Amino acid sequence: VNRDPNKFWNPYLAGVALGLVLLTAFVVMGKGLGASGASFRVGVAVMEAVAPDHVGATPALRGVTEAGNPLDDWIVFLLLGVLLGGFVAAYTSGRLSLEVLRGPRISRAGRIAMALAGGLLMGIGAKFARGCASGQALTGGALMSVGAWAFMMTFFGGGYALAYFVRRAWR
Amino acid sequence: MTPLPFWSLMGEHREIGLVVAMFVGVAFGFVLERAGFGRAQKLVGQFLLTEMTVLKVMFGAVATAMVGSVVLDGVGLVDLRAIADSASSPSWIWPLAIGGFVVGLGFVTSAYCPGTSVVAMASGKLDGAATVLGVVVGSVLGAELLRIPAVARFNESGDLGHLYLYDLLGVPAAVVALAVALVAVAAFLGAERLERIFGGETPLPSPARPRRAVFATLAGLGAVGVVTLALPHGTPAYSAPARIDPEALARRVVDAPWKVRILDLRAQEACAAARVPGAECAPAGALKDLDLGYAAPSRDLVLVGEGDLAEVPAAARPYRGRVLLLAGGFQAWREWALVPPGPPPPGASAAESASQRFRQAVHAALTGARAAPPPVPAAGGAPVRKRKASGGGCG
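Chains as they are written, first to last, in our numbering: chain A, 1 to 171; chain B, 172 to 566.
Hints were generated in silico from the structure; no laboratory data involved. Don't take every hint at face value.
[Claimed, not checked] Listed below are several chain A residues computed to face chain B (Cβ distance under 10 Å; list not exhaustive):
hint: 1; residue: G19
hint: 2; residue: L23
hint: 3; residue: V27
hint: 4; residue: V42
hint: 5; residue: G131
[Stated by the list, open to error] Every beta carbon over 10 Å from chain B, so not counted as near; a handful from chain A, in silico:
hint: 6; residue: R3
hint: 7; residue: D4
hint: 8; residue: A49
hint: 9; residue: P52
hint: 10; residue: D53
hint: 11; residue: G56
hint: 12; residue: E66
hint: 13; residue: A67
hint: 14; residue: N69
hint: 15; residue: R105
Since we're looking at a predicted model, the values are computed, not measured. Positions of the beta carbon are idealized from the N, C-alpha and C atoms, including for glycine.
In isolation and in its complexed conformation, chain B is listed as follows (with noise of 0.2 Å):
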């Protein structure tokens, strides 16, 4: 069974995940306004300290998706880093930490953030139309400060990739959702004591039963992800590696050599010999001198073997960023990439013919050969001169 999502978004029924996003937006607007996030007032409270509601609905609305996602995962119904792979951005960690702060002064200034002013636009409150249109511009006068190089070079720096708690910690997702999901009942207490104190003379109140109820079924839900562990498929990363096809990690080391760490584990000699480019040669014993549990995780750890590698050898598990296994193994790399690719097949799409074209560029490069012509030469153009790799690459 392939795990959720849907990726309603992708493919050929793009216009219905298009409905889907305006439907998912329609719930997420009614909520907001519901929640009471159309009223200046009730935003800015939080700042000052009069009322909680802010914290309440984002904590319990981050808790309520992350348990939630981290037990679908447990059960093994939806993959969640390819989820947040997809949905979240990398951790750029300065320009998201200062703009985070920045976004923090226009949210007490205005007193909505993006998503509410747009709430507070639709039901009439002029001041929600004003931030909206302060957004739409700020956001293009962001962008045109990115043309400073000084700027753009802050924009980009800190990066860390995806990164996520867990792998930060070294511990399963699950464990971190249950510390939030307490952390955030805590929260929850802690606020109506401010609330208590800072409030006035309008106390708030707050039924006792829904909150017990939400209360519990966080912790609760938080405990069944954790339980969830002690499942088989409990621990997808090990049971059910994740593996890269030759052609894609050619495109890897070929576009963004940076995010990518690759070890070779077969012997010395036959590393020596030939191996990816860029690949350090990590024969059985070397591999645990390597310290992966203590290497920064930003780049991605691609591991090959001669053949398909079963499973991720025990030294790589530590590592807290993202492990790949060479399908295939060097096998595969030398029968896509050491050997001359023929010509595209007559009538190959578009994809196929530029795939092929890209494995026999890989193929020149690490070679030295020439390219297979291609079956009718253009008329009129000079022919394509190949060079060899001048440096760089091993082969």
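Chain A extracted, bound-state conformation (with noise of 0.2 Å):
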């Protein structure tokens, strides 16, 4: 098997590809794709484990403990499942590698920072959002729920309000 790294699917057939896995999942479970909803259960899990009587006083992260472990939910399911398809898919394609992707000009330290950074926003964005690019752009967006599409409009707003200042952390 030839492997190259630097090949991909090509865009629309991932696309229409991406719109299968999100239909079947429409059909089959009555639900759509995921990411970040499965993050706040893990990040309430390791709470309820440090600090309990915290998750105990706070209402939005006793919500989902109420009903038992936050980890027993179809997303969290979902989420594991994004683990080993992309590891089978990295492995296959030669992309499986250790390693910190960055521009030339930012050092390995600046790159972690930054996407420390990025994903705490992102996190904060997306527990008011009620989902991410996953559970509204895609999900909300192929279901013409307004508040998607509101959602993918500023999501792509707050993208190029700042693309212009993070540049240079990629050229």
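Since each chain sits alone in its own frame, please combine them into the complex, following the hints.
Now the structure itself:
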């Protein structure tokens, strides 16, 4: 098998494939795709182990522990699948390697700091937006939810608003 | 035939549903990786205008799933609105819009989104792992911020309920899907143009064959969706109106009266004498004066007739939100709420007893009558006094 790490699927075919995965989730589960919901549940599970009293006193955290283990939810199983699927795809395409992806002008630590800061922003934003690029833009967008389309517009707006300032990290 | 979805996560087969969710996740992760979404440069390129893969894949996926579900709904295989109500969040317009902006800022900073950072982590990228950690911590921080009353108020602001583009625009879902498919194709052509301008010295190969096939399929399926509107069951909202039974309606009136608008279509005198709490009297002629087509669609409309209504009256059809008919009409309501309910039958399940107790409470509140005593009085407990509802309800 020849593995070319720089060879990707045609973006249009990848889009159709992603759309079919989403459609399958609709038809079989009555749910869509998502990621930030599972990340939140992982966070709450850690908090529950470290500071159960604090979780009990915070309504927004308690919400996912009241029904049982916060990790006992379909979206956490979906996330496990994403990890597995991503690993298999990276291994078979020759893109599996321990590294830090960064532009030529930024240090390893700088890139990690930016990745962490961006993740923090996305976690906070996704909590208010009830979802991220997968849960709102993809799932809600395909189901024609008005709120999801508003999300999609401001999501790209936010990206372009800051793009000018981060471009040096990549060029 | 029951329209899909299978609801694999519901009921006793939930364990199998969780396995299904994992397999869907495997496919999701695999496709994201193969599209190049485990690589930060490919994702951030969207915002540096050097490559438009994010737009092509995302918009392509949205259009595919949209026209696919519309066609399946059009031929009667799935219930699009039921899926949408289950799989998408209600439109709290302000937190969704502002949250989206913040997620966009985070995306361009980290060069991943929450889902793709998981794929990057799975392929060994440490920056991806850092983003995953950030998302976990950030979402818990977001939940902590909700302790501040002003933040919590913002988080619930602009509640439009489950509102869809086809409700907002007042056109069938299939028309919206066709329009989105055509806009997607136009956006792809525009994106390729931008890539030629900003892409620099490495023009991206864009093989013509799959590209043309995808464009034609999206537009073609969009058109098929519109054609299904001509099928006899193509307009499920009118041919098979949704119904709500008296108990479910009573629960909504008690739990969330602001999300439901009840219109009593019986004659004025009958409605004035007795009606469902909170109902407006709207006898035949008065219904069209309400201009339901222009009313805010955030509340579900419940229509009450004397008996079962056969269909949604013409004057209520333009309503852009959901329209429900009270199953059995006011007769059924009278039997359920105004006739003294007996005690729960011996050997009733917990759910049945709870349902019976709720019915007794509603009956007591509406009529002022004491609930029938439970079959075996609890020892030592003080007798529970039911108070007559002091206002609000009209009975």
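Quick rundown of the hints versus the structure:
| no. | hint | in the structure |
| --- | --- | --- |
| 1 | G19 | 3 Å, holds |
| 2 | L23 | 4 Å, holds |
| 3 | V27 | 5 Å, holds |
| 4 | V42 | 5 Å, holds |
| 5 | G131 | 6 Å, holds |
| 6 | R3 | 12 Å, holds |
| 7 | D4 | 12 Å, holds |
| 8 | A49 | 13 Å, holds |
| 9 | P52 | 14 Å, holds |
| 10 | D53 | 14 Å, holds |
| 11 | G56 | 13 Å, holds |
| 12 | E66 | 14 Å, holds |
| 13 | A67 | 13 Å, holds |
| 14 | N69 | 12 Å, holds |
| 15 | R105 | 13 Å, holds |
Of the numbered hints stated above, none is contradicted by the structure.
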